[in-house]
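What follows is the residue order along each chain.
There are 2 protein chains.
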Amino acid sequence: MEQKVYRTELTPLSFLERSALIFPDKTAVIHGERSYTYQEMAERVYRLASRLRALGLQKHERVAFLCPNTPALLEAHYAIPAAGGILVAINNRLSSPEIGFILQHSGSKYLFVDHEFFPLIEALNLEQLTQIIRIDDSGAPEDPYEQFLAAGTPEPVKSWLEDEEETISINYTSGTTGNPKGVMYTYRGAYLNALSEVIESGLNSSSIYLWTLPMFHCNGWCFTWGVTAVGATHVCLRKVDPSHIWELFESEKITHYNGAPTVHIFLAHHPKAHRLEQQITVTIAGAPPSPTLLAQLKQLNMRPIHVYGLTETYGPYTVCEWHEEWASLPQEEQARLLARQGQGYVTAERARVVDPNMQDVAWDGATMGEVIMRGNNVAKGYYENPEATARSFEGGWFHSGDIGVWHADSYIELRDRAKDVIISGGENISTIEVEQTLVQHPAVLECAVVAIPDETWGNAPRHL
Amino acid sequence: MEQKVYRTELTPLSFLERSALIFPDKTAVIHGERSYTYQEMAERVYRLASRLRALGLQKHERVAFLCPNTPALLEAHYAIPAAGGILVAINNRLSSPEIGFILQHSGSKYLFVDHEFFPLIEALNLEQLTQIIRIDDSGAPEDPYEQFLAAGTPEPVKSWLEDEEETISINYTSGTTGNPKGVMYTYRGAYLNALSEVIESGLNSSSIYLWTLPMFHCNGWCFTWGVTAVGATHVCLRKVDPSHIWELFESEKITHYNGAPTVHIFLAHHPKAHRLEQQITVTIAGAPPSPTLLAQLKQLNMRPIHVYGLTETYGPYTVCEWHEEWASLPQEEQARLLARQGQGYVTAERARVVDPNMQDVAWDGATMGEVIMRGNNVAKGYYENPEATARSFEGGWFHSGDIGVWHADSYIELRDRAKDVIISGGENISTIEVEQTLVQHPAVLECAVVAIPDETWGNAPRHL
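Heads up: the protein sequence lines correspond to chains A and B, in order.
First residue of the first sequence? That's 1 in UniProt numbering, and the numbers climb one at a time after it.
First residue of the second sequence? That's 1 in UniProt numbering, and the numbers climb one at a time after it.
Careful: at least some of the hints might be erroneous.
Copies of the same chain look alike in the list, so a pair counts if it works inside one copy or between any two.
Pairs of lysine to any residue residues, derived as SDA-like cross-links and limited to a Cα-Cα distance of at most 25 Å, are as follows [said to hold, decoys possible]: (1) Lys-298 / Asn-204; (2) Lys-26 / Ala-390; (3) Lys-239 / Trp-160; (4) Lys-26 / Gly-202; (5) Lys-26 / His-323; (6) Lys-158 / Gly-84; (7) Lys-239 / Gly-84; (8) Lys-4 / Glu-333; (9) Lys-253 / Ala-54; (10) Lys-26 / Glu-324; (11) Lys-26 / Ile-199; (12) Lys-298 / Phe-101; (13) Lys-158 / Glu-332; (14) Lys-298 / Gln-39; (15) Lys-253 / Asp-136; (16) Lys-4 / Val-361; (17) Lys-272 / Asp-143; (18) Lys-272 / Leu-120; (19) Lys-4 / Glu-162; (20) Lys-59 / Arg-391; (21) Lys-272 / Ala-366; (22) Lys-4 / Arg-34.
Honestly, the hints are just simulated from the structure, not real lab data.
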């Protein structure tokens, strides 16, 4: 491949190389009593990569990880691409058969498993695997994962990357029907999305990021790479335990964490909840934050950012950018505005809401349509699944399956998953709209609205 | 060209499109009594672009601007690429013959000239130009520039961009000998550098950026695009008048400005200088800040960032990233550390200091070598000047002509321009090293050391 003086292939590995160069002694990772500097993190990554190469890993060979948010899984986000492989970070909440399907479908040759999840794979037929490496997450020399690293070498591994559009990872996502689909991310997409997250969350070298969001979920929305890009500190977390998290907020002086509203609700209602000295930027996705939750977060000195995306969009694709003039509006109005999904990130194209002919719906906040997206924040397709790829990426756009409206100010707002719309008396009822109305009541924390068969109406909404 | 669902060509035009979409009513540009919202800025840009298209502008045709930091020159940074042309922003401090050379060499067909600089072109033979448009910078309907815009249309112009490696601008740079060379920037480079500046300077939608740095200089280090990327506000400035700038710091609540140490020194020593309520992030390039200046800036509530680069690197390429532990060191030691040029930006490759065989010099802070750079922060070459391109970009790296050392902590530090090294008694003397020693004296504000012929030593240093 021609080497141009003015071009470097975009790869998030450069973020680790740079932070290890500039901040070698700075704390890169904290995990309980253990911590690693950027120099140490880089050396561990190169050990893992060089060991895999020595074992015969081929370019683009898949390497699977089944872990909670530990240093090992973070290291994998650099070591597997550094070795030239493709990372498959498996959702640890899946059942054994689903995990078996993913291992087989991805054709993974290596599997790294945290000790906690070892029972999940014991009953599986794993003949296709060359090696299974157990991670005790102890950091001690007898930990099989540490022994694996010890057999590698700490020097940088020569890159095999030729084109930034090569696949860096495959993230399996489960629909309601059928087998999980493997969403392919590119080096270019991972790089640009990581920078976007840095900009949207305001990460810098003083930031301390707490890993409440699973790293297996869209590669942790690319924060696995973004936090490293600015030389900030990753605080790992085996599980979301609100009491422990409140301790970490203070002991580690956390500045950022991400999660679904449920995570934030658990935290806001914990007995240890109190106003923090430092401000924490909290990014919320998965469902719109309720007015009650937003008010609570502010009281705790948390700055909420509401984003929206899917596995096929590297995690967040849109953000509800805050307008300074909203601050003077009544709380409920602020919450209503912030509950919208907003518009594309700085590296994303405009998100559109379209009718079945892929024409934009009216920007009237009422006409429903499907949300579609394309460009650098959209994945390459589904691994070895051309039918599903053709269907979901038809017409050059990714079809989210999410139903929303387009407001006059360009912001989009979700109304439902296509399959969740309740058809009652022939009329479409948005479950999200009913939910958003219910959560405005201060006595309601969270709610979910589903369709119940009804003799008169066909379906009728019920809240749980 | 194949349209991939997961790829959008990187272009900084997307930043304006996005900010006009998300922040239509937010102030994009302030210029004295005038101001434009993002919606207005976008419409003015499309008017300029559509008018040029209507006049027959061809793809990649050059369009020259000779202006101070006015809205017109900022608009040009979007309108010329939007039209499919290539922007040539000319240094307004050049002489008439130099400007004539640039117009001719670039083959510009259109020239936009601010009224203040009209005398500079009056004596030139401008036969090759299709049209000269005078900018009165009044914003009034009778301003010829405003009339030009009025003849255009405010709707988005269909993009002709096919490849992000196309040239977006040509920035002419003068060496000490020979004619100016036209440094070609790509859409990809402009985009990535703009994002880097956002991250390094910590720009966000609340930022108010003051245009002390000339926009003709490396396209304003890509801040022309970066400030827009986050929906921040540009405050234009016809000239660097310290008294006026101190007024703007307060009246416009400025949060960021950039410049050479001289600009900062003028400001720090002005009678109006006083500690500001808001913190201003000031990015310093062109020469290392002295300990005296750094101390003064801190007292004024300014946060200094020291960067280094050249026209061939889109402006800044390296940054002296701050280490928190430095804050506990004595002031002189902090200043000594911050006077170093540091290492590559987040989107840049490692800057190297090499011997004449392009081998890395020892990381000993003493061995001198040439600073070389490559990758996405390096320009494409010199326009229609293959000899100079071959020379400066030899071996796949851009040769800066700057002489520096490489410290053990990976940071580089400049010692001299290759041509400025003083050879006295057969020994190399770094003018910068002598200068840095002199400015440590609190009575010395600025100094420059040059070689003077000497009977005994050949050359000897003198400070001015």
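(request) Check Lys-298 against Gln-39 for me: Cα-Cα at most 25 Å, and say if that holds within a copy, between copies, both or neither. (result) neither (37 Å within a copy, 31 Å between copies)
(message) If the cut is 25 Å between Cα atoms, do Lys-158 and Gly-84 qualify within a copy, between copies, both or neither?
(response) Classified as within; 9 Å inside a copy, 39 Å across copies.
(request) If the cutoff is 25 Å on CA atoms, where do Lys-272 and Ala-366 land: within, between, both or neither? Let me know, please. (result) The answer is neither: 41 Å in one copy and 55 Å across copies each exceed 25 Å.
(message) Treating 25 Å as the Cα threshold, decide for Lys-26 and Ala-390: within, between, both or neither.
(response) neither (46 Å within a copy, 40 Å between copies)
(message) One pair to classify: Lys-26 and His-323, alpha carbons no more than 25 Å apart. Within, between, both, or neither?
(response) Close across copies (9 Å), not inside one copy (35 Å); limit 25 Å.
(request) If the cutoff is 25 Å on CA atoms, where do Lys-4 and Val-361 land: within, between, both or neither? Let me know, please. (result) The answer is between: 24 Å across copies meets 25 Å, while 44 Å in one copy does not.
(message) If the cut is 25 Å between Cα atoms, do Lys-158 and Glu-332 qualify within a copy, between copies, both or neither?
(response) Neither: 55 Å inside a copy, 40 Å across copies.
(message) Reference check for the pair Lys-253 and Asp-136, CA-CA at most 25 Å: within, between, both, or neither?
(response) neither (27 Å within a copy, 54 Å between copies)
(message) Within a copy, between copies, both or neither: which one fits Lys-26 and Gly-202 at a CA-CA cutoff of 25 Å?
(response) Both: 19 Å inside a chain and 20 Å across chains, each within 25 Å.
(request) Classify it for me, Lys-272 with Asp-143: is the Cα-Cα distance of at most 25 Å met within a copy, between copies, both or neither? (result) Neither: 34 Å inside a chain and 64 Å across chains, both beyond 25 Å.
(message) Cα distance capped at 25 Å. Does Lys-59 pair with Arg-391 within a copy, between copies, both, or neither?
(response) The answer is neither: 29 Å in one copy and 36 Å across copies each exceed 25 Å.
(message) Treating 25 Å as the Cα threshold, decide for Lys-239 and Trp-160: within, between, both or neither.
(response) Answer is neither: 35 Å inside a copy and 50 Å across each miss the 25 Å cutoff.
Hint check: violations occur at hints 2, 3, 7, 8, 9, 12, 13, 14, 15, 17, 18, 20, 21 and 22; the rest are consistent with the structure.
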